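Novice: In case you want the letters, here they are:
2 protein chains.
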Amino acid sequence: MKKIKKRDQEYIKQNNLKMILDIIKDKRSISRAEMVKMTNMSPTSVSRIVGSLIDLGLVKETEASSSGVGRKAILLDLDLESVMTIGVYINKHIINVGIVNFGGEILYQDKIKLNSKDIYPEAIISKACSIIKQTIKDSKIDCSKIIGIGVSLPGIIDSKKGTVIFSASLSWENVNIAKAIENKLNIKTIVDNDVKLEALAESLYGVGKNSGKTALVNFGRGVGSALIIDGEIFRGVTNIAGEIGHITIDPNGILCECGRRGCLQTFIVEDNLIEEANKVKEIVDIKEIFEASHNGENWAVSILERAVTYMCITINNIVCMYNPDTIVLSGSLIEAYPEILKAVEEKCKTLIWSPLRGTFKILYSKLKSESDIIGPATLALDTFLSLDI
Amino acid sequence: MKKIKKRDQEYIKQNNLKMILDIIKDKRSISRAEMVKMTNMSPTSVSRIVGSLIDLGLVKETEASSSGVGRKAILLDLDLESVMTIGVYINKHIINVGIVNFGGEILYQDKIKLNSKDIYPEAIISKACSIIKQTIKDSKIDCSKIIGIGVSLPGIIDSKKGTVIFSASLSWENVNIAKAIENKLNIKTIVDNDVKLEALAESLYGVGKNSGKTALVNFGRGVGSALIIDGEIFRGVTNIAGEIGHITIDPNGILCECGRRGCLQTFIVEDNLIEEANKVKEIVDIKEIFEASHNGENWAVSILERAVTYMCITINNIVCMYNPDTIVLSGSLIEAYPEILKAVEEKCKTLIWSPLRGTFKILYSKLKSESDIIGPATLALDTFLSLDI
Chain A
1 MKKIKKRDQE YIKQNNLKMI LDIIKDKRSI SRAEMVKMTN MSPTSVSRIV GSLIDLGLVK
61 ETEASSSGVG RKAILLDLDL ESVMTIGVYI NKHIINVGIV NFGGEILYQD KIKLNSKDIY
121 PEAIISKACS IIKQTIKDSK IDCSKIIGIG VSLPGIIDSK KGTVIFSASL SWENVNIAKA
181 IENKLNIKTI VDNDVKLEAL AESLYGVGKN SGKTALVNFG RGVGSALIID GEIFRGVTNI
241 AGEIGHITID PNGILCECGR RGCLQTFIVE DNLIEEANKV KEIVDIKEIF EASHNGENWA
301 VSILERAVTY MCITINNIVC MYNPDTIVLS GSLIEAYPEI LKAVEEKCKT LIWSPLRGTF
361 KILYSKLKSE SDIIGPATLA LDTFLSLDI
Chain B
1 MKKIKKRDQE YIKQNNLKMI LDIIKDKRSI SRAEMVKMTN MSPTSVSRIV GSLIDLGLVK
61 ETEASSSGVG RKAILLDLDL ESVMTIGVYI NKHIINVGIV NFGGEILYQD KIKLNSKDIY
121 PEAIISKACS IIKQTIKDSK IDCSKIIGIG VSLPGIIDSK KGTVIFSASL SWENVNIAKA
181 IENKLNIKTI VDNDVKLEAL AESLYGVGKN SGKTALVNFG RGVGSALIID GEIFRGVTNI
241 AGEIGHITID PNGILCECGR RGCLQTFIVE DNLIEEANKV KEIVDIKEIF EASHNGENWA
301 VSILERAVTY MCITINNIVC MYNPDTIVLS GSLIEAYPEI LKAVEEKCKT LIWSPLRGTF
361 KILYSKLKSE SDIIGPATLA LDTFLSLDI
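Residue numbers (the numbering used here), protein chains in the order written: chain A, 1 to 389; chain B, 1 to 389.
Chain A with its partners taken away, still in its complex shape (with noise of 0.2 Å):
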């Protein structure tokens, strides 16, 4: 059913309050009166809405020194340290715990790495639970401040009722780890994919920054991407938008983790590149086949350029369904072998569509694994603030 879009006195309220607050966050320091020219806004209504986010505590005056004659400008700031939330990252190497301020900024962060025995939800979530708790305590911060926790986990989840629907990575299936988080620790929890919510963090706070529709690319153990329209993650009905690994190449392909044949992520990650690589040379890690490359060995150039190929037509791909003004590559591949960046900027300029070239930009990730953190405590954020005055 289509949406009925209320819209009332309290919504004009909360929209404004919003608005003016993302500014704040957006610019960082900046005055009533340059508010009032972003916005069109009456200088009033502008006075009265930063007044109530004083009230809030979420925004304080702060003074800019004196650019010469006259009165010194009252600028605007967010207060960083009034509201605080958790980010917590999972895969099944690690779990990553941090606290972000209301800025964005990681105050404090701490992880344990995982072995192969803890595969069990039960036993990842106590220890995702003390690491949380332990961080809180080391922090000093008051907790009171602390108004929720965000979890970023690779797979497939069900963001509203807090459930990993499916993990092929953990090898979960059906967990509502958001329940279980809230029932130890209560605090308001909620959980989403890995890759949406890195693409959130850098649209917010990495090189997205100033882009209104960002779509990221993450190439590592598997491909994902995920599109932030103007702040908000494109979902689709059941915040599966975004798989790009599982859309079909080659029907007669090799066979993919998820059961299928030809997957776009089997041409890529990591795992079926040694696989190849295996065919003529033993190797453990693609460090190796990059070396090989390197040297001239042409099973390893070979098997780089096919990766190469693949990558460009990802975002291709990406482009052709989601036209976006930027894209941002992600992931251990493109952090790890910088090098490869170069090859796939080449590559795009002939493999990418005529009509899609110049519509958009290729960045990479600025925030790095930072995002995993950041991400996460964002979509606390953006979820458990409450505006009512």
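No lab work stands behind these hints: they were computed from the structure. Some hints here could point you the wrong way.
Put simply, identical chains are the same to the list, so a pair is met inside one copy or across any two.
[Claimed, not checked] In silico lysine-lysine, DSS-like type, Cα no more than 30 Å apart, as pairs:
#1 Lys160 to Lys5
#2 Lys3 to Lys361
#3 Lys287 to Lys13
#4 Lys5 to Lys37
#5 Lys209 to Lys160
#6 Lys13 to Lys3
#7 Lys133 to Lys117
#8 Lys140 to Lys287
#9 Lys127 to Lys342
Computed from a predicted model, the values in this text were never measured in an experiment.
Position chain B against the provided structure of chain A, taking the given hints into account.
Specialist: Just chain B now, kept in the frame of chain A:
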């Protein structure tokens, strides 16, 4: 830059008018009391807004037959004849023109066939204007009720500027058709991509009526798709989003009309199927492939089997990227050979990635070629209807 969304009293007023109008448009016979229930608005607000819509001449009261004792209920419906728009569809073979009333119904329709000499934009635009004028004249409709013209074309369209950036099928480049028609006829004109407008029509008046996220795929001369979210076209930054026909499937595949190799549509479009068939048997019409397949000729069975596989891949790939609740299939290949649908549905059972199964319905275009008129007429209505009071 992310959008600054100012919301003020005027925004609420317009939004509420539009919401109530959309409900009446959807239900076409509804009481004020039912709308109060649907919207959670106060009876006073609903009555005031309905009053404004009646004043604007867009809505009228009708009397329901009594369901027994008590007062007869007063129902509301659109005043169908209050405003009209003209829908125009152009491809290289035909110009279709229709006058559409406020309820999305085609009142008058005319068409002319184009011959292969009519390739220049000026000639086609001039013919389109003649037939629009003639249709208005024949219909005897009061011209003042016609608020705009919508034009639908295959190609990459800058809808804001009114320009056809590129149409492979018409061999047009940078043609400002909207301005040309406006200048000739003095009626406001908007132009958009044919598949996007078909999707809009199906979403509002066809099988997608109850869907909030409808993706339409058109299999015909090309392969195109479009996504409609709550009645709005998902465009991307340059109105290219949805061009699934040009996602790359095989970088070593056969050449596409776009000049690149192995685009998805090269595996499906009619011209390519006929070209393949001619390696075995001289044919001119795709009908002959279906006939040969019915007679068990292997080459024809093989050609259609592969086309069906790639149609399923198209569906899988759209669902991976958009995660819609509904997929509408349309286009000449589907319309002329409904037996292909059964094969597609059967093959989808194994080709669709398992987390996507059950998240969407496959439906078949209801409006068929009517959507070529209703789509652009609807866009013109959405664009040019003024709710100022």
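Novice: All hints, please: hold or fail.
Specialist: Hints and how they fare:
1. Lys160 to Lys5: both (19 Å within a copy, 25 Å between copies)
2. Lys3 to Lys361: between (33 Å within a copy, 19 Å between copies)
3. Lys287 to Lys13: neither (54 Å within a copy, 61 Å between copies)
4. Lys5 to Lys37: Close inside one copy (28 Å) and across copies (14 Å); limit 30 Å.
5. Lys209 to Lys160: For Lys209 and Lys160, both the intra-copy (26 Å) and inter-copy (25 Å) Cα distances are at most 30 Å.
6. Lys13 to Lys3: Classified as both: same-chain Cα gap 21 Å, cross-chain 18 Å, threshold 30 Å.
7. Lys133 to Lys117: Within one copy only: 22 Å inside, 77 Å across.
8. Lys140 to Lys287: neither (41 Å within a copy, 76 Å between copies)
9. Lys127 to Lys342: neither (40 Å within a copy, 50 Å between copies)
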